[in-house]
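Protein chains: 2
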Amino acid sequence: MALIGKLVVCGVGLIGGSFALALREKGEVEHVVGMGRSRAALNRARTLGVIDEIATDWATALADADHVLLATPVGQIDTIMTAMAPHLQGRTVVSDVGSTKGGVIAATYQRLDAHLARIVPAHPIAGAEKSGVEAASAALFRGKRTVITPLPENDPAAVERVREAWRICGAAVVDMSPQDHDRVFAAVSHLPHLLAFGLVHDLAGRANAELLFSHAASGFRDFTRIAGSHPEMWRDICVANRQALLGELDQYLGELALIRSLLLSSNGERLELLFEEARQARTQWGERDAAERKQAENF
Amino acid sequence: MALIGKLVVCGVGLIGGSFALALREKGEVEHVVGMGRSRAALNRARTLGVIDEIATDWATALADADHVLLATPVGQIDTIMTAMAPHLQGRTVVSDVGSTKGGVIAATYQRLDAHLARIVPAHPIAGAEKSGVEAASAALFRGKRTVITPLPENDPAAVERVREAWRICGAAVVDMSPQDHDRVFAAVSHLPHLLAFGLVHDLAGRANAELLFSHAASGFRDFTRIAGSHPEMWRDICVANRQALLGELDQYLGELALIRSLLLSSNGERLELLFEEARQARTQWGERDAAERKQAENF
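Residue numbers (numbering that gives the first Met the number 0), protein chains in the order written: chain Z, 0 to 298; chain V, 0 to 298.
What the hints contain is simulated information worked out from the structure, not anything from laboratory work. Please note that the accuracy of each hint is not assured.
A pair counts as met if it fits within one copy or between any two copies, since identical chains are not told apart.
25 Å max Cα-Cα, derived SDA-like pairs, lysine to any residue [as the list claims (entries may be wrong)]: (1) Lys293 x Gly204; (2) Lys293 x Arg224; (3) Lys129 x Arg90; (4) Lys293 x Arg45; (5) Lys129 x Ser264; (6) Lys25 x Arg110; (7) Lys293 x Pro72; (8) Lys129 x Ser260; (9) Lys25 x Glu133; (10) Lys25 x Glu254; (11) Lys143 x Thr59; (12) Lys25 x Tyr108; (13) Lys143 x Asn266; (14) Lys25 x Gln242; (15) Lys129 x Asp63; (16) Lys293 x Gln109; (17) Lys143 x Leu262; (18) Lys129 x Arg292; (19) Lys293 x Asp221; (20) Lys293 x Glu52; (21) Lys129 x Gly267; (22) Lys143 x Arg220.
Only a predicted model underlies this, so the values are computations on that prediction, with no experimental measurement involved.
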């Protein structure tokens with residue numbers, strides 16, 4: 000018997016679509032219903048075999064649903080939970096894929112407080128400069144992590160269902176508190192995105208932008224890859240996690256002030272030491288990261 | 000007949016070694032002499048077949064030399080040119096690979112002013128988070144650019160020799176003024192390196208560094224790849240190009256101040272617009288860059 004009979008995916012893009020495809024591939028879902036803002040995207044998702052059915056209202060979508068995945072930009076979650084509330088049934092497990100957890104959890108307590116036992120916040124860590132259901136793949140989460148941040152009110156069986164679904168997708172499931180989650184990802188994900196968007200935006204606005212871009216090479220390519228990410232998704236992440244992100248940005252501005260002062264005084268010795276410490280940390284992390292990815296491939 | 004009879008490479012690392020290997024592969028160099036600070040590295044270069052001979056003094060190295068490539072970190076160029084001056088012969092062409100041109104050219108006028116006709120500054124654009132002769136490859140420059148910044152005093156035949164050598168390595172040769180070169184690369188290369196070193200240095204110094212790094216994923220991997228670059232090389236680049244780099248850093252700090260104010264006021268609309276402009280510029284550049292690389296592969 001499949002883990003999930005009826006799955007509702009709200010926001011059938013890269014992440015939501017890949018979740019459905021991965022469960023389908025393993026025979027762990029029987030019927031997938033898609034919901035979302037764009038009828039055209041839902042039609043493509045159905046044509047591609049990612050979903051079986053399109054629902055246009057929550058009453059229909061939630062009837063006899065076993066599992067709901069909210070895979071929209073996080074800024075829409077509050078509105079969606081408000082719309083879901085009158086129709087959510089007692090046995091349906093709800094999870095999400097938001098890159099920030101604070102706002103999603105606040106909406107959960109405010110809009111779905113009668114259902115806290117079965118609403119399990121989660122965040123699959125899958126790089127996504129591509130977007131849209133066309134980019135969805137059953138393999139997207141294989142060897143990646145999914146962080147879950149269970150609520151104190153969660154029913155252990157609901158948490159286990161979410162955990163198992165992500166394991167079936169090939170992800171390693173890690174538990175964190177929502178606060179830790181939002182601080183950690185502000186540092187290692189949200190800030191780098193902001194910095195890369197900022198650099199490209201800065202250069203693109205110059206009078207000599209054409210000349211600058213024509214000489215950009217591989218270092219620039221990798222550094223700015225994440226500046227190709229989905230603007231609305233990242234707007235929502237930045238706004239939702241602004242407190243932690245501002246803290247990280249200010250800490251980084253302190254680092255840049257240090258570097259600036261070393262440059263101003265031509266302090267090559269201390270600059271080299273700083274670069275050396277960064278290189279060592281990056282190299283160590285890179286080796287561990289490569290080993291983990293290799294292990295995941297063999298999995 | 001080979002383009003170069005006797006080639007002297009000072010600093011037989013990734014770049015110097017790859018230049019020698021590429022010319023060897025095409026039969027365009029007859030004899031390669033290595034010089035450098037590290038006898039162990041030179042021994043490895045000879046064992047690997049990158050050089051034929053090790054020289055320990057400039058008198059020996061420069062006797063009957065056709066071509067000299069200075070491939071050390073730029074901070075050593077002034078000392079090297081001073082040592083070369085008494086031994087440099089009238090027909091030897093000298094070039095370098097420095098990522099900044101201002102300091103190299105200043106040293107040229109100060110130390111080798113009797114030889115300006117045949118000293119042609121150059122900069123091959125090849126990403127180099129790896130370093131050392133073990134990473135050298137005849138293919139390193141294939142499909143990449145080499146910028147040359149000829150001096151007004153240069154003999155056209157010497158410029159053509161340097162141009163031809165890089166073409167043989169597979170590079171597209173582009174002319175620029177030294178001032179333009181240093182400003183352009185401050186923006187698209189030196190600043191991103193500084194920002195990546197800074198982010199990793201910042202995170203590595205935290206009490207919870209272990210937790211942070213354990214959740215870093217593909218976005219972080221690409222953004223920080225250049226933080227694995229050679230600390231001494233980048234110290235020298237930053238110090239040599241500090242004026243242009245400080246200008247770029249200050250411009251970027253202005254961009255971050257704008258982003259910070261949008262975050263502080265939760266101005267999602269303008270954040271999204273900024274991200275969208277960055278994404279468009281990055282996507283356009285990325286498509287052009289990918290097309291150029293594909294063309295280079297077929298070359």
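Going through the hints against the structure:
In this assembly of identical chains, the alpha carbons of Lys293 and Gly204 never lie at most 25 Å apart, being 40 Å within a copy and 28 Å across copies at closest. In the homo-oligomer, the alpha carbons of Lys293 and Arg224 lie at most 25 Å apart both inside one protomer (22 Å) and across protomers (18 Å), since each shortest distance falls under that limit. Proximity of Lys129 and Arg90 under a CA criterion of 25 Å is satisfied in neither setting, with 34 Å inside one chain copy and 55 Å between copies. Proximity of Lys293 and Arg45 under a CA criterion of 25 Å is satisfied in neither setting, with 34 Å inside one chain copy and 34 Å between copies.
Proximity of Lys129 and Ser264 under a CA criterion of 25 Å is satisfied in neither setting, with 42 Å inside one chain copy and 29 Å between copies. For the homomeric pair Lys25 and Arg110, neither the shortest alpha-carbon distance inside one copy (33 Å) nor that between copies (71 Å) is at most 25 Å. When the C-alpha separation of Lys293 and Pro72 is checked against a cutoff of 25 Å, the pair qualifies neither within a copy, at 31 Å, nor between copies, at 34 Å. Proximity of Lys129 to Ser260 under the C-alpha cut-off of 25 Å is found in neither arrangement, the shortest distances being 38 Å within a copy and 28 Å between copies.
Taking CA atoms no more than 25 Å apart as the test, Lys25 paired with Glu133 passes inside one copy only; the shortest distance there is 20 Å, against 45 Å between copies. Taking the shortest Cα distances, Lys25 and Glu254 never come within 25 Å of each other, neither inside one copy (47 Å) nor across copies (47 Å). Within a single copy, Lys143 and Thr59 get their C-alpha atoms no closer than 33 Å, and across copies no closer than 57 Å, so neither meets the 25 Å cut-off. Taking the shortest Cα distances, Lys25 and Tyr108 never come within 25 Å of each other, neither inside one copy (33 Å) nor across copies (70 Å).
Proximity of Lys143 and Asn266 under a CA criterion of 25 Å is satisfied in neither setting, with 41 Å inside one chain copy and 32 Å between copies. For a Cα distance limit of 25 Å, the shortest separation of Lys25 from Gln242 qualifies neither inside one copy, at 40 Å, nor across copies, at 58 Å. For a Cα distance limit of 25 Å, the shortest separation of Lys129 from Asp63 qualifies neither inside one copy, at 33 Å, nor across copies, at 56 Å. With identical chains, the CA atoms of Lys293 and Gln109 are never at most 25 Å apart, being 42 Å at best within one copy and 52 Å at best between copies.
Taking the shortest Cα distances, Lys143 and Leu262 never come within 25 Å of each other, neither inside one copy (39 Å) nor across copies (29 Å). In the homo-oligomer, the alpha carbons of Lys129 and Arg292 lie at most 25 Å apart both inside one protomer (20 Å) and across protomers (20 Å), since each shortest distance falls under that limit. For the homomeric pair Lys293 and Asp221, the shortest alpha-carbon distances inside one copy (21 Å) and between copies (17 Å) are both at most 25 Å. Taking CA atoms no more than 25 Å apart as the test, Lys293 paired with Glu52 passes in neither setting, with 37 Å inside one copy and 41 Å between copies.
Only between protomers do Lys129 and Gly267 lie at most 25 Å apart by alpha-carbon distance; the minimum there is 21 Å, versus 40 Å within a single protomer. Taking identical chains as interchangeable, the C-alpha atoms of Lys143 and Arg220 lie at most 25 Å apart whether they share a chain (23 Å) or sit on different chains (14 Å).
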